[in-house]
Structures are given as C-alpha cells and as structure tokens.
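K.L.:
Listed in order, the protein sequences are those of chains A and B.
With numbering that gives the first Met the number 0, the residue at position 76 of the first sequence is 75, and numbering never jumps.
With numbering that gives the first Met the number 0, the residue at position 81 of the second sequence is 80, and numbering never jumps.
Hints are computed from structural coordinates only; laboratory data are not their basis.
Some hints here could point you the wrong way.
Computed cross-link-like contacts, EDC-like style, restricted to lysine to aspartate or glutamate with a CA-CA straight-line distance of at most 16 Å [claimed, not checked]:
{"no.": "1", "chain 1": "A", "residue 1": "Lys30", "chain 2": "B", "residue 2": "Asp45"}
{"no.": "2", "chain 1": "A", "residue 1": "Lys30", "chain 2": "B", "residue 2": "Asp51"}
{"no.": "3", "chain 1": "A", "residue 1": "Lys76", "chain 2": "A", "residue 2": "Asp60"}
{"no.": "4", "chain 1": "A", "residue 1": "Lys149", "chain 2": "B", "residue 2": "Glu46"}
{"no.": "5", "chain 1": "A", "residue 1": "Lys30", "chain 2": "B", "residue 2": "Glu64"}
{"no.": "6", "chain 1": "B", "residue 1": "Lys39", "chain 2": "B", "residue 2": "Glu56"}
{"no.": "7", "chain 1": "A", "residue 1": "Lys149", "chain 2": "B", "residue 2": "Asp45"}
{"no.": "8", "chain 1": "A", "residue 1": "Lys109", "chain 2": "A", "residue 2": "Asp60"}
{"no.": "9", "chain 1": "B", "residue 1": "Lys39", "chain 2": "A", "residue 2": "Asp60"}
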Amino acid sequence: MNSLLRSSLLATALVSAAYAAPQSFDFKDPKGVNNVQFHLDAPLESITGTATGISGTVVFDTAAPESVTGKIVLATKSLTVGNPLMAEHLHSANWLDVAKYPEITFEAVKVANVKTKGAQVTADLTGNLTVKGVTKELTVPVTFTHLADKLGARLGDAKLKGDLLVLRATFEINRSDFNIMPGQATDKVAENIVLTLALAGAAQK
Amino acid sequence: MQPTNRLSLALRLTAATALLAVLGLWVATGAHLGWTQTSKVVVQHDEVTGIDFPVREKTFVAGVEVLAVGAGFAAALAAASVFTNRRRA
C-alpha cells in the first residue's frame, strides 16, 4: 500500500513538474499576426505606423512567472507608414538608418510587481531596449497570457501539441534618447513615440 | 477679363479642368486632410490569441499636397493665360 502511495505521489510530482517547467516560446510568427504599432504626433496629422518583422524567444514558467527571460527582435525594415515618402524618410540614415541598424531589440533583465489572475500575468518588466545602436534600460508594464494547448488550433493542425504565450505592452520612448534626430524637427514630428506590442509566441511539446 | 485669343482661352479652360480634376480626385478618395496615403490599415482579429492585428492594403488616398500641387498648376496656367492675353491685346 505504501509503495502504491509513494508511486502515485511520485507520478503526480513528475506530471506537475513537467507542466510547471519553463517553456521556451518562439515569437517568429508564421501567421503574420504579431505586430508593433507606433504612434507619434505631428502638426497636420498624427503618424501611426506598423511593423510585423518580429522574432525572438521568451522563456516563461507559469509556476514562476517572475523568472521570465528572453529577447524580442524587430526588423527595422518592416516598419512602415501609409505615406511612401514618410516611410522612405523613416528608413533613411537621419531617422532609423535601417541599412546600418537592421534590428531593434528588447532583452528582459528583471521582473517586478508580478500579479497572476488565472492565465493572465501582469508585471513590470525591466529590460534593455536597443534602437539605432543606443541601449537604454527601461521598465515596461506587460501582460502575459498563457494559452495552454492552443498551438494546434492556431496553426490549424490538431496534431500539433503546444502552448501559446501572448505578450502585450504599451509604453513610450523619447526618440532623442536613441539618437533619432535628437532635438531636431520637433516642430514636424513629436519626440515621444508610443509603442504598442501584441505578440504571440509558440512552444511546441 | 475676357480672353481675346485662342491660346489664352485654352489655358484658362485647362486651368479650370485641372482644378476640377484634382478637386474631384481629392473628394473621390475621401477628402483626406492629411498627407497622401498609398496603403491603409485594416484591423483584423485573431480568434485564438485575441490579438487585433493590422493588415496593410494598397490604396490611394489623395492628401493635401496633391490638392496644393493641382491648385498651384491651375493657378500657373491661369496666370499664363492672363499674360498671353495682355501680350496679344
């Protein structure tokens, strides 16, 4: 009886450990849903742009969300706006210089104020944001939503087993901090840029 | 001032046509008070993740610079018509 109980407890512990183990979520999105939107004020009309060239990996443990680590990479070439001349300026050497700096990265350093409510975790994520070769540490309020066993449904293949991690964040940066026309053209384009991220990563089992 | 020669009349008609054409284009594409757009964002919803994501669709929305260039061109033609009219008078 004792050995049966011990075996059952061991099995339960092993299953729990398997489910609670940190998972590595890949944010390269085959469906083109992952997106970053940026918004900044300008005199004639505010500028809203989009970017979809997202990749990176986040290691997330549902049992210990405070241990989250990872890096999100955005291909600067994928940043675009509706006006072609404006898009050309955005990619030029004066602004983002996409030829020289092909990536914008955010690498997590530490997490604070972690709050869990069901599958949703909110936290203040501190990390290093690198734009145009300049790295600054900043703290971003993020929401993680763990969607267990949803990978197959997302990719339309029921045989695929795995989880999804949805990451959402909205924060503001100052372009002068990242050497993007510092202190210049402020009458044409605001210095503050609001970034909104909505990304889903996949971890296959 | 009434045009006294064919060239002047042609220039004025062209100016009026250009102004009406550019106004018509601007109104037909939405009378957009911002810059010209060659793509627009359509927001779609991913049911599984709950993410709203932008999809860019090709379009043409004439902006105020198109209106300004058209009006400038029409004004230049109208000025030229006055000039040619004076020279012939």
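K.L.:
It remains to establish, for every hint, whether it holds in the given structure.
P.N.:
The hints, checked one at a time:
1. For a cut-off of 16 Å, the pair hint linking Lys30(A) to Asp45(B) stands: about 10 Å separates their Cα positions.
2. For a cut-off of 16 Å, the pair hint linking Lys30(A) to Asp51(B) stands: about 13 Å separates their Cα positions.
3. Proximity of Lys76(A) to Asp60(A) is assessed by CA-CA distance (about 32 Å); at most 16 Å being required, the pair is judged violated.
4. A distance of roughly 11 Å separates the Cα atoms of Lys149(A) and Glu46(B); the hinted pair therefore holds under the 16 Å criterion.
5. With a CA separation close to 36 Å, the supplied pair Lys30(A) and Glu64(B) exceeds the 16 Å bound.
6. Simply put, Lys39(B) and Glu56(B) have alpha-carbon atoms about 5 Å apart, close enough for the 16 Å limit, and the pair holds.
7. Of the supplied pair hints, the one linking Lys149(A) and Asp45(B) holds, its CA atoms being roughly 12 Å apart against a limit of 16 Å.
8. Using a Cα cut-off of 16 Å, the hinted pair Lys109(A) and Asp60(A) holds, with the two alpha carbons roughly 14 Å apart.
9. Taking the CA atoms of Lys39(B) and Asp60(A), the gap is near 38 Å; set against the 16 Å cutoff, the hint is violated.
Checked against the numbered hints given earlier, the structure breaks hints 3, 5 and 9 and satisfies all the rest.
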